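Colleague: Can you make the complete structure from the sequences, with help from the hints?
From first to last, the protein sequence lines stand for chains B and F.
Counting with the working numbering, you get residues 1 to 195 for the letters of the first sequence.
Counting with the working numbering, you get residues 196 to 374 for the letters of the second sequence.
Note that these hints are calculated values from the structure, not bench results.
Note that the structure is predicted; figures quoted are calculated from it, not measured.
Glycine included, C-beta positions come from ideal geometry on N, C-alpha and C.
Check the hints yourself; a few may be wrong.
So these bits of chain F aren't anywhere near chain B, every CB distance computed over 10 Å [what the hints assert, rightly or not]: (1) A268; (2) A270; (3) L271; (4) G272; (5) P273; (6) L275; (7) G279; (8) G373; (9) P374.
Quick list of the computed label-pair ranges, beta carbon to beta carbon [as the list claims (entries may be wrong)]: (10) H269/F <-> E65/B: 47 to 55 Å; (11) E65/B <-> P273/F: 48 to 56 Å; (12) R76/B <-> L369/F: 29 to 37 Å; (13) V180/B <-> R223/F: 35 to 43 Å; (14) L220/F <-> H163/B: 26 to 34 Å.
Below, simulated SDA-like cross-link-like pairs (lysine to any residue); rule was C-alpha separation at most 25 Å, straight line [as the list claims (entries may be wrong)]: (15) K127/B <-> S347/F; (16) K113/B <-> S347/F; (17) K127/B <-> P87/B; (18) K113/B <-> P87/B; (19) K35/B <-> L245/F; (20) K35/B <-> V11/B.
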Amino acid sequence: MLNLVWVGLIVVGVAVAALQGHIDATTSAAFESAKLGVETVITLTGIMIFWLGIARVAEQSGLMEVLARVLRPIFRFVFPSLPRDSPALSAILLNVSANMLGLGQAATPFGLKAMQELQAVNDQPDKETASDAMVTFLVLNTAGVTLVPATVIAYRAAAGSRHPSEIVAATIAASLCSTVLALTLDAVLRRRRAR
Amino acid sequence: MVHAMDVVSRWSIPMIFAGVLLFGLYRRVDVYNVFLEGARDGIELSMTILPYVVAIFAALGIFRDSGAMRLVAHALGPVLHRVGVPAEVLPLMLIRPLSGSGALAITAELLRRHGPDSYVGRLASVLQGSTDTTFYILSVYFGSVGVRRIRSALTIGLLADLFGFALAIFFVHLLFGGP
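Modeller: Shown next, in the form of structure tokens:
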């Protein structure tokens with residue numbers, strides 16, 4: 001899919017340029033853009049280095065665990081099928097906390113751990129079918145709850161924004177609302193199946 | 196409410212810097228050395244994203260400068276305009292559920308070409324930050340435990356992306372005004 005989109009952009013671009021009689025525009029566009037891409041990444045590198053340093057401190061000091069503790073009561077309500085002390089719930093909490101804090105790299109191992117724990121208590125007869133809790137977990141994960149959109153702020157700063165963080169509130173609001181909507185949809189579907 | 200959201204936006208990052216470092220000290224983390232250790236990953240990360248960024252920048256550059264983007268904007272513009280989506284942001288919406296690094300590269304390109312403080316730049320920022328790579332997450336997570344029948348996960352995941360897009364447009368309009 002991504003293959004097609006990428007090739008499509010280039011081939012359609014070349015074709016349109018050829019038809020409109022300015023084929024040389026594609027050559028300069030490709031090389032100018034490639035140069036711009038490298039410049040962008042170089043500007044970004046400094047910000048990334050700083051941010052990943054802060055992120056590592058957050059990780060080592062156990063900030064995820066603190067957030068996970070705050071979120072736990074809400075999550076028992078979101079995952080009614082999991083017992084309160086289940087290891088799956090703990091892994092889910094750490095994964096979501098890491099995602100919310102913008103610690104993407106720390107989130108994935110917890111997410112995979114959560115899937116293993118959920119598979120261990122999967123109540124489907126064949127284990128090749130997703131359980132209710134798995135669907136809910138991945139809905140939560142793909143909806144992308146965010147507190148700290150660190151990467152976007154870094155990219156904005158690299159592009160020379162006057163207020164790189166001005167989009168924080170809008171991002172939190174949009175991701176929170178869409179997550180709540182998605183979880184509601186999931187709960188409704190689950191209840192209809194149960195009947 | 197708009198004022199409160201502005202305060203959140205301006206204060207959150209400095210507070211996180213100070214808060215995280217102080218919390219680290221309180222938890223007796225060797226803050227400076229741990230910072231440096233994490234910072235080293237930044238170099239590698241930049242080198243990792245470089246090929247993606249160049250690939251996307253070049254493809255979008257060709258597509259735009261050839262005049263193809265103008266044709267698309269001409270064809271779809273009126274429809275997209277009505278829902279508050281500039282034609283330039285459409286590729287980001289299409290790629291976002293498919294590829295994290297691809298979407299990030301498109302966002303970088305939009306920020307660079309239109310300016311981070313423009314309507315396009317802000318909308319791209321909020322879209323990028325508030326949604327996630329649905330297809331990638333589903334295939335990696337379900338794949339890791341051998342689940343093949345994923346039931347409603349994909350449908351709800353893609354609907355969540357759509358909700359996210361609509362809400363991003365809404366909140367950008369609310370806080371910063373239209374294009």
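Colleague: Each hint: holds or not?
Modeller: Right, here's what the structure says about each hint:
The beta carbon of A268/F sits about 13 Å from the closest Cβ of chain B, which is more than 10 Å, so the claim that it is off the interface holds. With a least CB separation of 12 Å from chain B, A270/F remains clear of the 10 Å interface cut-off, as annotated. The non-interface label for L271/F is consistent with chain B: the shortest C-beta to C-beta separation is roughly 14 Å, beyond 10 Å. With a cut of 10 Å on Cβ distances, G272/F stays outside the contact zone with chain B, its closest approach being about 16 Å.
Once the 10 Å rule is applied to beta carbons, P273/F is consistent with being away from chain B; the minimum gap is 20 Å. Under the 10 Å C-beta cut-off, the non-interface status given to L275/F relative to chain B holds; the minimum distance is some 18 Å. The non-interface label for G279/F is consistent with chain B: the shortest C-beta to C-beta separation is roughly 13 Å, beyond 10 Å. At roughly 14 Å, the least C-beta separation between G373/F and chain B is larger than 10 Å, which holds for a residue marked as non-interface.
For P374/F, the non-interface assignment is confirmed: its Cβ lies about 15 Å from the closest Cβ of chain B, beyond the 10 Å cut-off. Hint check: H269/F to E65/B, Cβ distance near 53 Å, so the stated range 47 to 55 Å holds. Between E65/B and P273/F the CB atoms are about 51 Å apart, so this pair conforms to the stated range of 48 to 56 Å. The beta-carbon spacing between R76/B and L369/F, approximately 33 Å, falls within the hinted interval of 29 to 37 Å.
Checked against the hint of 35 to 43 Å, the C-beta distance between V180/B and R223/F comes to roughly 37 Å, which is consistent with it. The hint said 26 to 34 Å for the Cβ distance between L220/F and H163/B, and at roughly 29 Å that hint holds. A hinted pair counts as satisfied when its Cα atoms are at most 25 Å apart, and K127/B with S347/F qualifies at roughly 16 Å. Of the pairs offered as hints, the one joining K113/B and S347/F holds, with about 22 Å between alpha carbons and a cut-off of 25 Å not exceeded.
Distance restraint check for K127/B and P87/B: the Cα-Cα separation of roughly 19 Å lies within the 25 Å cut-off, and the hinted pair is therefore satisfied. Of the pairs offered as hints, the one joining K113/B and P87/B holds, with about 9 Å between alpha carbons and a cut-off of 25 Å not exceeded. Note on K35/B and L245/F: the hinted pairing holds, with a Cα-Cα distance of about 11 Å set against a maximum of 25 Å. A threshold of 25 Å between alpha carbons decides the hint, and for K35/B with V11/B the separation of about 20 Å falls inside it, so the pair holds.
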